[in-house]
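My request is simple: use the sequences and hints to build the entire structure.
Line by line, the protein sequences give chains A and B. Each residue of the first sequence is one higher than the last, beginning at 217 in our numbering. Each residue of the second sequence is one higher than the last, beginning at -15 in our numbering.
It should be emphasised that the hints constitute simulated quantities derived from the structure, not laboratory data. Backbone N, C-alpha and C define an ideal beta-carbon position, used for all residues, glycine too. Certain hints may be false.
Said to hold, decoys possible - Estimated spans, in silico, between C-beta atoms of each pair:
| id | chain 1 | residue 1 | chain 2 | residue 2 | range |
| --- | --- | --- | --- | --- | --- |
| 1 | B | K88 | A | L239 | 26 to 34 Å |
| 2 | A | G457 | B | S143 | 46 to 54 Å |
| 3 | B | D46 | A | N218 | 23 to 31 Å |
| 4 | A | L606 | B | S54 | 16 to 24 Å |
| 5 | A | L606 | B | K96 | 31 to 39 Å |
| 6 | A | L606 | B | E268 | 44 to 52 Å |
| 7 | A | G457 | B | G164 | 52 to 60 Å |
| 8 | B | G41 | A | G457 | 57 to 65 Å |
| 9 | A | I395 | B | S90 | 46 to 54 Å |
| 10 | A | L606 | B | N283 | 32 to 40 Å |
| 11 | A | Q524 | B | N205 | 51 to 59 Å |
| 12 | A | M240 | B | K88 | 29 to 37 Å |
| 13 | A | L606 | B | G41 | 15 to 23 Å |
| 14 | B | S143 | A | Q524 | 29 to 37 Å |
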Amino acid sequence: MNDLPIIIKREYLNRVRRKSFLLMTLLTPLFFIAAMIIPSTMMNDVIEKESILIFGDKNGYYTDALQQNSEYTFVEATDEYLENTDPSKSFSAMLYLPEVLDEMPNMAMLVSNYELSERLQNHLNQRLSEAATMEKWRKGSSNLYEIWKENKVEVHCQSMKNVQSGSSSDETAALVSIIVSFLLYIFIFSYGSQVMRGVTEEKSNKIMEVMFLSTRASHLMAGKIIGIALVGLTQFVLWAGVAGFIFHSISDHESIATTLHGITLPEASNIYGLGAYFVLFFLAGYLLYASLFAIIGALSDPGTDTQQFFLPVTIPILFSIYAGIYTACHPESELALWCSYIPFTSPIVMLARICHNVNLMEIGISFFILVVTDILLFHLAGKIYKSAILLHGKKITYKDLWDFCKG
Amino acid sequence: MRLTINNVCKSYKDKVALENVSIQLEGGSTLGLLGPNGAGKTTLIRAITGITQIDQGEILLDGTPISNESRRRIGYLPEERGLYPEMKVGEQLLYLAQLKGMQKESAKEAIKNWMRKFQISGTMEKRTNELSKGMQQKVQFIAAVIHSPQLLILDEPFSGFDPINAALIMNEILSLKEQGVGIILSTHNMTSVEEICDSVALINHAQIILEGKTAQIREANKTGKFLVKIAANVDFESGETLSSHFTKQENGFWLVEKKGKAKVDNNTLIRELTEIFSIVSFEEAQPSMNEIFLKAVNNH
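As structure tokens, this is what we get:
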């Protein structure tokens, strides 16, 4: 009789029915949304309090006009000032004004390293329009009322981001890359450690001896790993549904998009493709780490120290997340390249690279290496699990581990 | 069902756990597995269930080595609790029954019957860790017998039970025995051994030092002592007949011991005593299993 489906069913239902699963599933998307929106909003607030350096305003007329009763700081870029200060460090943006703004109102240019708020831009346009109109009146002989009413200068600052900081799409890719790397790390680590906790729970209780009469140890391990993987997939599908709904809502909602600090949302097709890669690399990465965590669980014993086995497993996964974040910003680096082929880091790092468009062949090779490692490790974990799960009260050494591997 | 254990040996690095252990058990009988702590009882149980691989010898169930398939015909109640603490009782029993190869519907029916029998039907939806120790033990017992095993191994089945529930479990064990189940009972509770077990095997220092039918063992360990109650008080404390000594005890009882290794039958003994006393009752003082156990272990 094939008892594997029965074991998978128990492992799956036992977890998805828990209140903690429901709470995590509902609260985590909210946490992520809050984690994205709150810092963006706070950054906007910070930026609004920062200063803007003004070039081209030789007599300081426009600077004075902008500065009056303003919550922003405007500084005129005099030669003396520029000699003593590094403008890139002190200012959030630079404003270039033509000598004759009243005659060339569309030549004002605002340069920043990031998207500035609409509020600031409106403030600039309004104050500059007023000042330019006054300047126009001063130069001519027309009646101020007529100029103000019929011939008012409408300044419209051209806004552009500093090209050195990368294009908008690169930034988006890096951001998406960091998010998916982090998400995958959380998935692999949390579900992998669930396998370890489950095995430890069974080992600390005589249930393993009862189970041993009903099924094979390898079936128990496989059932647990597959059941927990299905829990992860269920959570992913639920979150993807919520994320999809939010994604479609914000992509049509300009004000929220602005709040997200100028992030250009990726194309829907890219998101679905990324989702598919996420699932594949989650499953393959999870299988690798779940096998290792199952081994640690089987080796654990309340009376003995298993830290010696825990550390070698956690170090690569922790390194993966750092490598993944580095890859998000430097997708073409050698570290990114190597780590996307090494199976212990490839799930996270390759996914981070995929956000920046990677050759399909490279993805295929990385995935193939990962799957082969999965199979070998799963087989090895089965051998160790079978020997170690019923061993109590003895400190297991690396030599014992080697004996278990030999079967 | 026939369990045959032939010359089984098992050693760990620095310790011999089982040395040439041989036991036979037929269906419909109960074997008491006795021995001091650390004698090798658990190792033997683990060897039978296949949890521990033996170094030498053979363990056969109905003449064939125990396989993954035949292991399902064994029911096992471990000494410590072997249940998922967070799982609901009904789901847990269904899970274990299905793993033993039972169909879902028949498993549900069997669970209902057993729970009704043990008066714990109301705990079906409760988590195991919410139950009292005694109730958990009942659930554990049901988990061991739910699939109608042919061989049942019970390791301290009465632990955690009050006398009423212990009697309930004892009746079920006797009932299973009558149905033809072969039962191995590992316990320190000698009263239960005397009541349930047809035969015993006493393990000490990895070896079987005493084995056989309970009645035969008790017969073989007779001490030649009798308890005699007399009708009236007498003014002496001890005395002797041709073939026995007697000493006064409490409440009108006298302890009568046969002299030397004299092979005197009980009728002769009574006849000699009636010349001195007016006898109300005459009972052979058989050694308890506990006394036999202690004597055997101390002499080993």
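- [ ] Would you list, in rising numerical order, the hints stated earlier that this structure does not obey?
- [x] none
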